[in-house]
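Visitor: So you can see what is in the structure, the chains are spelled out below.
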Amino acid sequence: MFSPKTKLSFSKITAGVALTAVCTVLSATAATAAGKPIVIGLTSDASGQYANSGASDRRGMKMAIAEYNAKGGVLGRQIKTVHIDTETTPATGSRVAERMISREKVGFMIGAVSSGVANAISQVAQKYGVVYLNTNSSSPTESGKNCHRVKFVWDGNGKNFALAAVKNAVTAYGKDWLLVTNDYVWGHNTSKATRGLAVANGAKIVDEIMVPQGTRDFSTVLLKVQQAKPSVVAAAVGGDDQKAMRTQIAQLGLGDKFAWINNQQDWPDVYGLPKKNLFGVFGTTWYYKLDLPGVKEFVAKYQAAYPDTKMKVPGNVFYNGYMATKSLLQAIEAAGTTNNHAVIKQLENLKVSAADRMQHHDAWMNPKTHQMQQTVYLATSNPADSAKDDMFKIMSQSAPSAVADMNAEATCKLEALADTPQRES
Amino acid sequence: MDIILNLLPHLLNGLALGLLFALIALGFMLIVGVMELINLAHGSLFALGAYVAMTIIDPNLSGYGAFGEWYMGLSLTLRYIIALAFAPVIVAFVGMGLEICMRRTYGKKAEYGLLLTYGAALVLEETIRITWGSAEQVLQIPDAISGAFIAGGMIYSNYRFFAAGFGLVLILVVWLFLEKTPYGSIIKAGAHDSEMVRALGVNLTRLRLLVFGLGAGLSAIAGVVLTPIWGLRPHVGVDVVIPAFLIIVLGGIGSFWGAVIGGILVGLTVGIVGALAPEWSLMSMYILLIIVITFRTRGLLGKKSALEN
Amino acid sequence: MSTSFAKKTPFITRPMIVLFLALGTFPLWGTSVGLYDYLGVEIVIWIIYALGFNLLLGYTGLPSFGHGAFFGVGAYSYGLFQLNVFESVWLAVAAGVVGGAVVAGLVACFISHRRGIYYALMTIAFGQVCWFVSMKWHTVTGGEDGLLNVHRGTLNLLVTDASLKDNADLFYFAFAVLVAVVLILWRLVHSPYGKALQAIRMNQMRAGFVGYNVWLIKWSVFTLSGAIAGLAGGLFAIAQESAYPDVMSLHASGFVVMMTLIGGGFVSFWGPVIGAIVFFVARDFLGSITETWLLWYGLMFMGVIIFKPEGIAGAFQDFVAKRRARVEN
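Protein chains in written order, with the numbering used here: chain A, 1 to 425; chain B, 1001 to 1309; chain C, 2001 to 2329.
Quick caveat, the hints were computed from the structure, so don't treat them as lab data. Note that the coordinates shown come from a computational prediction; the quantities given were computed from them, not determined experimentally. A couple of the hints might just be wrong.
As the list claims (entries may be wrong) - Label pairs and their computed distance ranges (CB to CB):
no.: 1; chain 1: C; residue 1: PHE2307; chain 2: B; residue 2: ARG1198; range: 21 to 27 angstroms
no.: 2; chain 1: B; residue 1: PRO1182; chain 2: A; residue 2: LYS312; range: 51 to 57 angstroms
no.: 3; chain 1: C; residue 1: VAL2085; chain 2: A; residue 2: GLU409; range: 28 to 34 angstroms
Note that beta-carbon positions come from the ideal geometry of N, C-alpha and C, so glycine has one too.
Taking the hints into account, I'd like the entire structure generated from these sequences.
Guide: Laid out in structure tokens, this is it:
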């Protein structure tokens, strides 16, 4: 693929697309020696806003890979990983993806918490045809407007959680709703989903407070919330902003004064905090105390693999990283090849039983949006004075079909498989 | 009338916020005023102060036997006071270490000092991440100042008003120190004419060390006081440097009261804009700065500074 | 930046030829030393950006710490032009240049009568405003997700077309732009205008007394620097196939300052070039071997400032001077 070129060579390139595609296949096939390890690039953040979640995500991927390596790898080949910090910055995500593909020769890439980084990586991945798993970014645009043929999304998104929460909240808590929305794309999308569902179920939106991204002081916002006296406050505030808001709500004890409907709470973001910092109702895809077979063993496996980690029990971010990686490796095994088209086809028809996913319902990949359709749980702070780590109380669970993001299918336009460069590693 | 009544709590809140902003700017102000150095490590020292305080309040003393038991037996209030007193001292020493690294940049372009502190900020942030992990943490506060009170049908945070009051007191203490003690006179003289200070026989090297230590200590105090409101994570410093910067310029470099007024002005602006058009609250700081600086070249109370060259 | 008034400055110099030969052949040897074409593309783009930036910092002594704004505007201009107006690499890059120049020209109106720290701070404030607008005006810019799906496009070269899809080809294109920028800037800094810039750096008041229109010169050099940042930003949008608000953040604006100083922008025209190369290679290398790369990176950075604040170019000049002295003795 990297045939020597002179300085003027760019002038003579004509049907470059076709040529590049052919070269890729040829060089890739030539390089595939039996027994050569499969290289997987881990693209999770190690610094910036999502450093902590990124680390948890990575532990999940590594545990799944270690399990496979222990039983002989995939297709008889060991799995090697490369990790480079994506810094919670999209521009860095692009560079890291380029490096992983062209220098480290990775066959697959896994990992994301920030949707900006996930987008940047997936654009590069699509260009080269490298299958990419977005493990933990829950923006609805990931499987909607910004979906790609090579990208598969494993987390529940804002729409899924809103569907699980809103209808019940209108009947349980009241009809006067106030929205607190982070003034950026994720916030707008999430709040739009909530607003639509709330109004459809008979609620009235009394006000919407826009919070600029980067806000650390929520005193003004909380005063406005008090002045509006709503029955329900639906917050779509994310990242560090949410952490600051949570602290300030806990200080005021406002968590009990209103019915708060939050989006997803990622486990690494709340672990170790006082329980009063958890307020209202929030979504999650998995909890370590789910009363299902296999969960206890899974937790024990985590503790054996990471005895020194401050986080003593696995959470949803770890779970997503682990499950996504495991499904990918299974797909490669089922395809019998690392050819990306074959693996994509496997993943598009992926079905995982509830028992294997340790959730209440069977999960399946939506081939039109590439988002995993899975059980969504609603949780709240655990009032019982049980073990310190047992922070959540699971309130309800919804089947994938009940919370499916129908809007995604309308907005997602996947590239044709034929237009995706072939690749093997 | 209703609008004014509705705005009243926001005004009060903005004032409290302003004092907090002024508190953040204090350590930054001292260093920029005296040393004419933009200390980009300010935010990291702020974070370091909070982390050290957190460790003092709730240390892991399981291996220390009797001492550990005795220490953890002390009340939270006592441990909090110990932290508030000692965390800034520890950070002051870190600041002094940084000043010693700085020495080779004196007399050269101001940009070098700025960049050195930028490098230090990266190093400190990563050291924090390695030592304490990257997860969100909580700095515990005594029950006496936590909780909330109700006034005019609205709930306010006790801690917030404690912090604002603390800010006010600290501002006065620093002012008294600068105005009423011989050290203060020397520091102020150093701010305006380092040649003169040297001629008077004051050890300039020691003066700079002292000022940097003091500035770093003040950054750390701000960290201890503010992180219970804003939360604690390794990159929390980033949230601090920009407002501090902005307030100093708004108030005028080298002016103590300029920084205080600048802080309060920013707090009030953010508070009121936040009430009327919340999506513009953060942006309003910058607009305020641009307006003020367009009409007043050296900020509200600024004097001529070597940094203008 | 030693300037000799007696000799006429040549169009092409030896360092230039060395740079063009060494960098221009990067795709041929880069992979064999563990680098990759895309890294080369980013390095070339940031060299362009840093060279333009050093017109301000190194030559005129104007600290602009919010320069990422113009880089970002260039990237958005490229993307918006390509997606909404007309599909042409040349015109879209031109849009990037114009976008950077217009915004910089506007900002320069507010700051050109200032100096020193107030200048620095105003540039930061305007940089933050631009960043904020790019986040907030998401119907146009795509908000924090960025302006996505910009495509690399095809370069019209009169006789033939060249696709920029492959990184090596994009590299040659960016490199050609770099050659042009180097030639132009080299002429510029050795022209009377360049002398005026340096006069302002040495002593702004004296420059005014001598008869230079200081305000106009400061305004024009800021606008020019913004235009070059816009150019680099436009190329960056091609490379990344997107435009992101992050490049406008204070953090990213700091990078270009760092590069310029590490390389030795104050003492040499070539400082920014060396700085950009070292910055990217070191970051890429450290980032791939350790998760705590920030620590080592920060320490390296502090080391340079403490022990050799004139940067790598300064160290090199010392070395050459020492050797010459030895030869002469």
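Visitor: Within 21 to 27 angstroms or not, the Cβ separation of PHE2307 of chain C and ARG1198 of chain B?
Guide: 26 angstroms, holds
Visitor: Is the gap between the beta carbons of VAL2085 of chain C and GLU409 of chain A within 28 to 34 angstroms?
Guide: At roughly 31 angstroms between Cβ atoms, GLU409 of chain A and VAL2085 of chain C fall inside 28 to 34 angstroms, so the hint holds.
Visitor: Look at the Cβ atoms of PRO1182 of chain B and LYS312 of chain A and judge whether their distance stays inside 51 to 57 angstroms.
Guide: 55 angstroms, holds
Of the numbered hints listed earlier, not one is contradicted by the structure.
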